[in-house]
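Just need the whole structure built from these sequences, with the hints factored in.
Protein sequences appear in the order of chains A and B. Counting in the working numbering, the first sequence runs from 1 upward without gaps. Counting in the working numbering, the second sequence runs from 400 upward without gaps.
Possibly wrong hints are sitting among the right ones.
[What the hints assert, rightly or not] Here are the simulated DSS-like cross-link-like pairs (lysine-lysine), alpha carbons at most 25 Å apart as the crow flies:
1) 463/B <-> 65/A
2) 391/A <-> 447/B
3) 463/B <-> 203/A
4) 32/A <-> 203/A
5) 203/A <-> 447/B
6) 263/A <-> 447/B
7) 263/A <-> 345/A
8) 65/A <-> 203/A
9) 32/A <-> 463/B
10) 307/A <-> 263/A
Since the hints were made in silico from the structure, they are not lab data.
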Amino acid sequence: MVILFLLRILGGYCNFAVTGRFPERFLNLASKNGVALWNTKGENGCISASARLSDMKLVISLAAKSGNEISVCTEHGLPAIARRYKSRTGLLAGLVLGSVFCVFMSGYIWNIDVNCPIRLSEYEIRNELRELGLFEGARYDYDTVSRIERNMLIRDGRISWLSINVDGTNAVVEISPKTEIDSVSKKDKTKTVSNLLAAADGKIVKLSVRSGQAVVQAGEGVRQGQLLVSGINALTDGSSELSDSDAEVIAETSHCMNFFLPKSSTGQSAGRLISEKTSASIFGLTVPLSLSTAPPGDCFYSRTYQKLQLLGFPLPVYVTHERYYEKNSSDLAADAAKAGEILKKRAAIYRFFLEGQKFTTVESESEEFRETDDGYTLTVTYQTTENIAKKSVIEIRSE
Amino acid sequence: MGKKQHRDTAASRLIEQHSRVRMNICSNREVIFEGSRGIVHYDENTVKISTGSYIVAFSGRGLKIRCMNEYDLCIVGFITSIEYIM
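Spelled out as structure tokens, the structure:
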């Protein structure tokens, strides 16, 4: 039905009404002459119907032959529209030019989205891609994109996998970073034999051994480097078995940290705004929107990137704001109260990271603030419970 | 013998002519009519179709011929009665 409708639109059709003494005769003649009529409707001695534009000449002659006449006639479809706008050549030229423009522009990449993890800088990735040939306004070519993928993997050692998916004029770059693998897990785990040693002095609170033989018990005090779980298990028949020790040894420990702040130091800060530069990138072409340039000499620099959108769709237009600030060097002198405040903040940050570690909780902390000739020192002692088990691989040499 | 054969031929021609008329009625909303010899009357309440030997009259409300060709047509609308006029 939809195809029939489209064919009628493409070929053009005409709605007409036949009036006369015997309009049914027109219907019979039309059907005998192979004229396809649809939407026929009879009302008060008048029959309205639709027919193809190409059949209209025949329809008019058949109406006359049957002693009727066609009273209303309205044309629809593409040929009718073309006839209506025949004199407006500019409209046709604009339509053709617009179509050519769209076809031409669809061969380029106008929007690049980089989905990279936090560890990698999107700015750096974009710069590297630009150097390899992927930027807003670059011509899309399957081979080029494949080449860029390969070269990017060779060039940036931090990336383990990269894919550039081009959908229309949008390119989505998916990046997966390399994962750091420690030396123990790199080896074949089935052949690794290890002990667990104490990472710090402390009193054992809880011991849960999954693999290996425990040589200490809960309630015992241990020193740093002491053997906690052995990877060599003695069996009842006198022989021994080698295993990769795995356990959690939770112990009460104490951490002492010194935070130091000198009495006077030199710091750098951003001063007044020297220059501001705005530029727009339209279809890959950068157009400056302000007359100012980058100032000479050392200065702080910030850059913001604004992508324009229309109804949620990204446009190939970017506005870049660059701001240059004066670099100020100043001597920073702190009094005891201010230094204490700064050092306490540092200590709070350290505690936050300490508690972020697995199985570690800070039970209590004690602070000692003292002033020396050079500066101020805050000594914080943290009473913690933590997993002190540290893996120590036993190397076995076979001769 | 010759007379009987002639009678048989006439009868078979009549059956053939009658069997060409087929109506496919979907509820009282649509009729697909095959074997039309022409429309005798057409308005929104009545459609009369000639089959050659009789006329079939469809009565109802809002009757429309959706599409038609030389022998077949499709009538849609609310059909209340179908009448054979000999």
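Results of checking the hints against the structure:
no. : hint            : in the structure
1   : 463/B <-> 65/A  : holds (24 Å)
2   : 391/A <-> 447/B : violated (100 Å)
3   : 463/B <-> 203/A : violated (98 Å)
4   : 32/A <-> 203/A  : violated (108 Å)
5   : 203/A <-> 447/B : violated (108 Å)
6   : 263/A <-> 447/B : violated (112 Å)
7   : 263/A <-> 345/A : holds (17 Å)
8   : 65/A <-> 203/A  : violated (116 Å)
9   : 32/A <-> 463/B  : holds (19 Å)
10  : 307/A <-> 263/A : violated (46 Å)
Comparing the model with each earlier hint shows violations of hints 2, 3, 4, 5, 6, 8 and 10; every other hint is respected.
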